[in-house]
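Protein sequences, first through last, are from chains A and B. Residue numbering for the first sequence follows our numbering, beginning at 19 and increasing consecutively. Residue numbering for the second sequence follows our numbering, beginning at 19 and increasing consecutively.
These are calculated hints, taken from the structure and not from any lab test. A couple of the hints might just be wrong.
The list treats identical chains as one, so a pair stands whether inside a single copy or across any two.
Said to hold, decoys possible - Calculated pairs, BS3-like style, for lysine-lysine (alpha carbon to alpha carbon, straight line, at most 25 angstroms):
id	residue 1	residue 2
1	Lys-70	Lys-43
2	Lys-74	Lys-43
3	Lys-113	Lys-156
4	Lys-70	Lys-89
There are 2 protein chains.
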Amino acid sequence: MNALLMMGCPELPVQTAAALYIANKLNREGFEVTAAGNNAAISLLLNSDPEKHYIKKAIDLDRCIANLAEKKTDFDLCFVFIHSDSGISYLATVKSLSKAKTVAVIFGKDIEPLIKESGDSYIIAAKAVHNPTPLRAKIDGVKSWAALTK
Amino acid sequence: MNALLMMGCPELPVQTAAALYIANKLNREGFEVTAAGNNAAISLLLNSDPEKHYIKKAIDLDRCIANLAEKKTDFDLCFVFIHSDSGISYLATVKSLSKAKTVAVIFGKDIEPLIKESGDSYIIAAKAVHNPTPLRAKIDGVKSWAALTK
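Excised from the complex, chain A in its bound form (with noise of 0.2 angstroms):
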């Protein structure tokens, strides 16, 4: 199984802390996992994963949505990382790309209207902007995410 950490402009610290959590628990359950973000997102990622422990491959944004839409490529599991109405746009055009079910994991400040725009993705979300701690709760909820993709 494959699985795709689709990340957003990262203004918030926590963003990078939880897709690296994340990363680490799919590699456990045997997924291969490709993160994807703009250039920033990326470097904060392989920056702190210097050794890429947790993560192996990591892909532009663009060029990801460009492979989803040529069907070059496709996941299993797709989490998008949301803080934001651009978060809410990710997401929709992941599912109108992919076959993969998908994850929204939202935080920041304000996280009810991104709650509700997520529909029926599966939903882990936490108000959280320095603290990962609330959403890392959320995140060791879910006992298996191999099971979300059936």
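Using the hints, position chain B against chain A.
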């Protein structure tokens, strides 16, 4: 040899990435690395490295300063992460309490005044908020951390 990474409030996403990147370099040189920070800074670090590949020891910042003041602990090298005046205060605190050689890791938008206030510490500085690449280039410019302790 042992090194301390002293982190301030984690408003800026590059801090955690820079700390993990430096920790990896220190580990590879055989340093024992301790990270100190407030609750949010430490949580970001530990959730970014859930298997403890890079950060094996973390301590609350106030506890760390108390331990230095009471001479319960000391370090050969201390990195202070600075993106505001509070970082400069921590640098002054470490200089007054510890025998460690200090490294000022300066980032954010307005770095010039912070560089001036860092005095005789070894300085690693780059304009960086969301993208750690400029700071990483400066970190990579240091060929031996052990040499800085002499």
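Outcome of the hint check:
1. For the identical chains of this complex, Lys-70 and Lys-43 are neighbours both inside a copy (15 angstroms) and across copies (14 angstroms), given an alpha-carbon limit of 25 angstroms.
2. Proximity of Lys-74 and Lys-43 under a CA criterion of 25 angstroms is satisfied in both settings, with 14 angstroms inside one chain copy and 19 angstroms between copies.
3. In the homo-oligomer, the alpha carbons of Lys-113 and Lys-156 lie at most 25 angstroms apart inside one protomer (23 angstroms), although the nearest pairing across protomers, at 40 angstroms, exceeds that limit.
4. Taking CA atoms no more than 25 angstroms apart as the test, Lys-70 paired with Lys-89 passes in neither setting, with 27 angstroms inside one copy and 37 angstroms between copies.
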